Amino acid sequence: MRLAFTLGLALSLAALSATLVSLVWTPYDVTTLSIANKLQPPSPDHWLGTDHFGRDIASMLMAGARTSIAVALVAVGIGMGLGVPLGLLAAANRGSMTDEVVMRSNDLIFAFPSLVIAILITAVFGPSAVNAIIAIGIFNIPVFARFTRGGALSLWTLDYIRAAEVAGKGRVRISAEHILPNIANLLIVQGTIQFSLGILAEAGLSYVGLGAQPPTPSWGRMLAEAQTMATIAPHVAIFPGLAIVLTVLGLNLLGDGLRDRLDPRLRHAP
Amino acid sequence: MTRYLLRRLISLAVSLLVASLVIFAVIEVVPGDPASYMLGLNASEDTVAALRDRLGLNEPVGLRYLHWVAGMAQGDFGQSYTYKVPVADLVADRLVVSLPLALYALALAVLVAFPAGLLAASRRGRAADTAVMGATQVGIALPNFWFAMLLVLTFALHWQIFPAGGFPGWTDPWTGLRALTLPAVALALPQAAILARVLRSALIETLGQDYIRTARAKGLTRGQTMLRHALRNAMIPVLTILGMQFSFLLAGAIIIENVFYLPGLGRLIFQAITQRDLIVVESVVMILVFAVILVTFLVDLAYAAIDPRLRKRE
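So the protein sequences, as listed, match chains A and B.
For the first sequence, the working numbering assigns the number 1 to the initial residue and increments by one for each residue that follows.
For the second sequence, the working numbering assigns the number 1001 to the initial residue and increments by one for each residue that follows.
Take the hints with a grain of salt, since some may be wrong.
On the chain B side, residues computed to face chain A include the following (Cβ under 7 angstroms) [said to hold, decoys possible]:
no., residue
1, 1029
2, 1030
3, 1142
4, 1143
5, 1146
6, 1161
7, 1281
8, 1288
9, 1289
Keep in mind that the hints were calculated from the coordinates and are not lab data.
Predicted model only: the values in this text are computed from it and were never measured.
Beta carbons: idealized from backbone N, C-alpha and C, even for Gly.
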């Protein structure tokens, strides 16, 4: 298991550093086209070859990582920012009307897959990376709300929370000072998982044209463009996919490893 | 049981009501004037006015909503602006592709996930378990549309066992099924991976229970205990995931149809978006959401069928 965690950490760090480096440097400029160099196989000059416009694929992947990570990160931020307070609120008022309303609204949002939200937004506002963020972000809200409520409910029955209540602390203060810090670990783990799901969702949305638009580089769109050329130049289709798989795999392994480390009940389990 | 059913039915109705309100608001209220949005910037005022009239946009919003819902209840989803045919017909044509595709994928996912999950749980901590768990990690990380492209490269273009895309229709069920095989495999793999993981952990959880030890003590073999007692009790979390996966399956099918140029609901909705045919978008989204809500409802009922305690508690 330690091996899996190390692998996950390494892959995640690799994706993150590629993103950060791409902000200041990529091997080639991703906006200049060079048709003379189009669809070249991997070579010492272009490690991962070039695409149909002669752009360096390695550079495109680095710049594409930026889009994927930014979209997924903000989407997790939206999900956590709205979902966690809602979950805390529902748990603090468990069994009440508020709880019922929050949970039923969650069920309702659950009935809208992020792709369907994206379709709705795009039909009215047109496609963009921002719409992808909103669609994935909305989808994340009930995930975090449900998760937070579940974690918080079990804490509310514990003695030290009762003690805080007796001491005169209000529900909001207890939620902020005692409940939230105790479920923070769980939230970090869930955040990693939603982050990797967000990268997959962003790739899917850009692939069908509902996400980032040209000229913003994006892994999903690279794959969409590669589809017609896959027979003559398979590398154009293979590398962006590998980038997605390795990043998502890395984040998932990292999340699993973090869960094992952060949850003391699991630490001693066989 | 009756109260349980009644409560579920009420919550089903409320969900549908609110979902339809949300969809109606986004599509018909947010853009301001749907008619001029659909026709674009260059439309003359007369054309816009004519479309407004035809879509009934001059009626008050509340009345329009009621008409829309009442129409859907009778199977009337309005008229597509670009195709000039009832949306219900369009959807029916596309459903004969999308629905079999989703069911085919679901069947494949279950067929792969159950043996894999059972194997991993019964060989917990050993090589077989590690291999299955490693494979599922990769399966979860695979974007299904990329996996689909790899399948096409290998099995359609290199070996030419399956067609690379398109759909010949169901006149010959065999060729129809063949055309849906690669898309179904691509859809099924990530689902199978998730399902196998959930099944494994649910089985491991139940295998630690006292009644399992009792079953072994009274002389049942490991295999018998696994199938008769552990698997049955592990079905609740598995069902939950199966129900939740349905919405991913639908969304996945929409994306996968694009890889294989299948004339399903997914292609319909993307064409409708590019052509700004809001009527089609609105109705198809409502149908998709309805499907997800209905499946959630059915899963709730299935819980009660599997777990008698749920029926009694209410």
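The hints, checked one at a time:
no. : hint : verdict
1   : 1029 : 10 angstroms, violated
2   : 1030 : 5 angstroms, holds
3   : 1142 : 6 angstroms, holds
4   : 1143 : 5 angstroms, holds
5   : 1146 : 4 angstroms, holds
6   : 1161 : 16 angstroms, violated
7   : 1281 : 4 angstroms, holds
8   : 1288 : 6 angstroms, holds
9   : 1289 : 5 angstroms, holds
When held up to the earlier numbered hints, the structure conflicts with 1 and 6 and fits the remainder.
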